[in-house]
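There are 2 protein chains.
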Amino acid sequence: MTLPTAPFNLQRPPLTHCNNCGAKLQSCIPPGDGHERMVCPACGTIHYENPKLIVGCIPIWEGKILLCKRAIEPRYGYWTLPAGFMENGETTADGAARETLEEAGAEVKNLTPYTVIDVPYVHQVHFFYRAELVSLDFASGEESLDVRLFSEDEIPWSELAFFTVIETLKHFVADRKAGQFEFRQMQIRNKPVP
Amino acid sequence: MTLPTAPFNLQRPPLTHCNNCGAKLQSCIPPGDGHERMVCPACGTIHYENPKLIVGCIPIWEGKILLCKRAIEPRYGYWTLPAGFMENGETTADGAARETLEEAGAEVKNLTPYTVIDVPYVHQVHFFYRAELVSLDFASGEESLDVRLFSEDEIPWSELAFFTVIETLKHFVADRKAGQFEFRQMQIRNKPVP
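So the sequence lines, in the order shown, correspond to chains L and D.
Numbering-wise, our numbering comes out as the position in the first sequence, counting from 1, plus 26.
Numbering-wise, our numbering comes out as the position in the second sequence, counting from 1, plus 26.
Take the hints with a grain of salt, since some may be wrong.
Copies of the same chain are indistinguishable here, so a pair counts whether it falls within one copy or spans any two.
[Said to hold, decoys possible] Mimicking DMTMM-like on lysine to aspartate or glutamate, the simulated pairs with C-alpha atoms at most 20 Å apart in a straight line are:
1) LYS78 with GLU113
2) LYS95 with ASP59
3) LYS78 with GLU116
4) LYS203 with ASP172
5) LYS203 with ASP120
6) LYS90 with GLU185
7) LYS196 with GLU99
8) LYS78 with ASP120
9) LYS78 with GLU62
10) LYS78 with ASP172
11) LYS203 with ASP179
12) LYS50 with ASP163
13) LYS50 with GLU133
To be clear, the hints were calculated from the coordinates, so they are not data collected in a lab.
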């Protein structure tokens, strides 16, 4: 394994070259397809681009909620639930638990599906689980400046990183007050950040 | 828009070339990342590969279920619920309705989330909605040999295309008998087809 000599590029640039043969791509609608795709004129490979799943947790300890202060863009310095891109080969719950371990150094158990939120303008679907913290053993990962437990009236509403986190926490607080948690599916159709 | 001269390649070959500059990729773990990625040594682009969402419907008309007989591989000739890859820019419900229109020529309304099924060995998550057919106006699309309404005791269990369809229909039949539909999240961890 060799590290590349060029600096890493974390942006996802538009597709311009074929990832099978390296030739320059063209845009067209393949036969039997209703969508314009980037297609390789040399080897015929069709490059499909599809939405990505973000998976995360609401980790709970004695009624308190674990939040992470972001050490990365977007929304550096804002608070979030531990969450991130689901990886190939894992389940949504595996991914939510892995992200909680990576960002908050925390183990979770008893994951229960809670919110699925469509965010079509960024081609994402966010999936949050309710979960129990296994212990008070947690610590900031590389992507977090701080990790803390918040009681309900301490939640930093104006400093939350994303609408999907705000909506998930709003419903969590309301459902807990009502004494019953209900699975919810929602859409966020406007601005990406609060 | 020009069609490429090479035949279309519907397979998804492994990533070998950078889709930003066309250079040959190398495999490495980028700093701060826990996963091996295909990275471009020339321009530094990291090529993330993530699971895809399959979205679909259980379209219902007077208690009967609409199924499509597949005109494409995999599972040519087997019956399935209308479903397919979610596209960029749409919500999960948009996608489920679009696939139902494309595969079965059918309009649906009142979509309610029903099953979310992890299929980690093929890097997919399948999301099915319960839905009502708007009318009896339906017909095979390009990807279907036949489209038909099935009463519960007509469901062709041994000719269903995918485990996620079997599990979704099993729960649907059981929930209807019990008089209450419940959102369910599951995992299928073994063979891709029945």
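Okay, the hints, checked on the actual structure:
1. In this assembly of identical chains, the alpha carbons of LYS78 and GLU113 lie at most 20 Å apart whether taken from the same copy (10 Å) or from different copies (10 Å).
2. For the homomeric pair LYS95 and ASP59, the shortest alpha-carbon distance between copies (18 Å) is at most 20 Å, but the shortest distance inside one copy (43 Å) is not.
3. Taking identical chains as interchangeable, the C-alpha atoms of LYS78 and GLU116 lie at most 20 Å apart whether they share a chain (14 Å) or sit on different chains (12 Å).
4. Within a single copy, LYS203 and ASP172 get their C-alpha atoms no closer than 28 Å, and across copies no closer than 50 Å, so neither meets the 20 Å cut-off.
5. In this assembly of identical chains, LYS203 and ASP120 lie within 20 Å of each other by CA distance neither inside one copy nor across copies; the values are 29 Å within and 32 Å between.
6. When the C-alpha separation of LYS90 and GLU185 is checked against a cutoff of 20 Å, the pair qualifies only within one copy, where the shortest distance is 17 Å, while the shortest distance between copies is 49 Å.
7. For the homomeric pair LYS196 and GLU99, neither the shortest alpha-carbon distance inside one copy (24 Å) nor that between copies (44 Å) is at most 20 Å.
8. Taking identical chains as interchangeable, the C-alpha atoms of LYS78 and ASP120 lie at most 20 Å apart whether they share a chain (16 Å) or sit on different chains (16 Å).
9. For the homomeric pair LYS78 and GLU62, the shortest alpha-carbon distances inside one copy (19 Å) and between copies (18 Å) are both at most 20 Å.
10. Taking the shortest alpha-carbon separations for LYS78 and ASP172, neither the intra-copy value of 26 Å nor the inter-copy value of 32 Å comes in at or below 20 Å.
11. When the C-alpha separation of LYS203 and ASP179 is checked against a cutoff of 20 Å, the pair qualifies only within one copy, where the shortest distance is 13 Å, while the shortest distance between copies is 43 Å.
12. Taking identical chains as interchangeable, the C-alpha atoms of LYS50 and ASP163 are never at most 20 Å apart, the minima being 50 Å within one chain and 43 Å between chains.
13. In the homo-oligomer, the alpha carbons of LYS50 and GLU133 never lie at most 20 Å apart, since the shortest distance is 45 Å inside one protomer and 39 Å across protomers.
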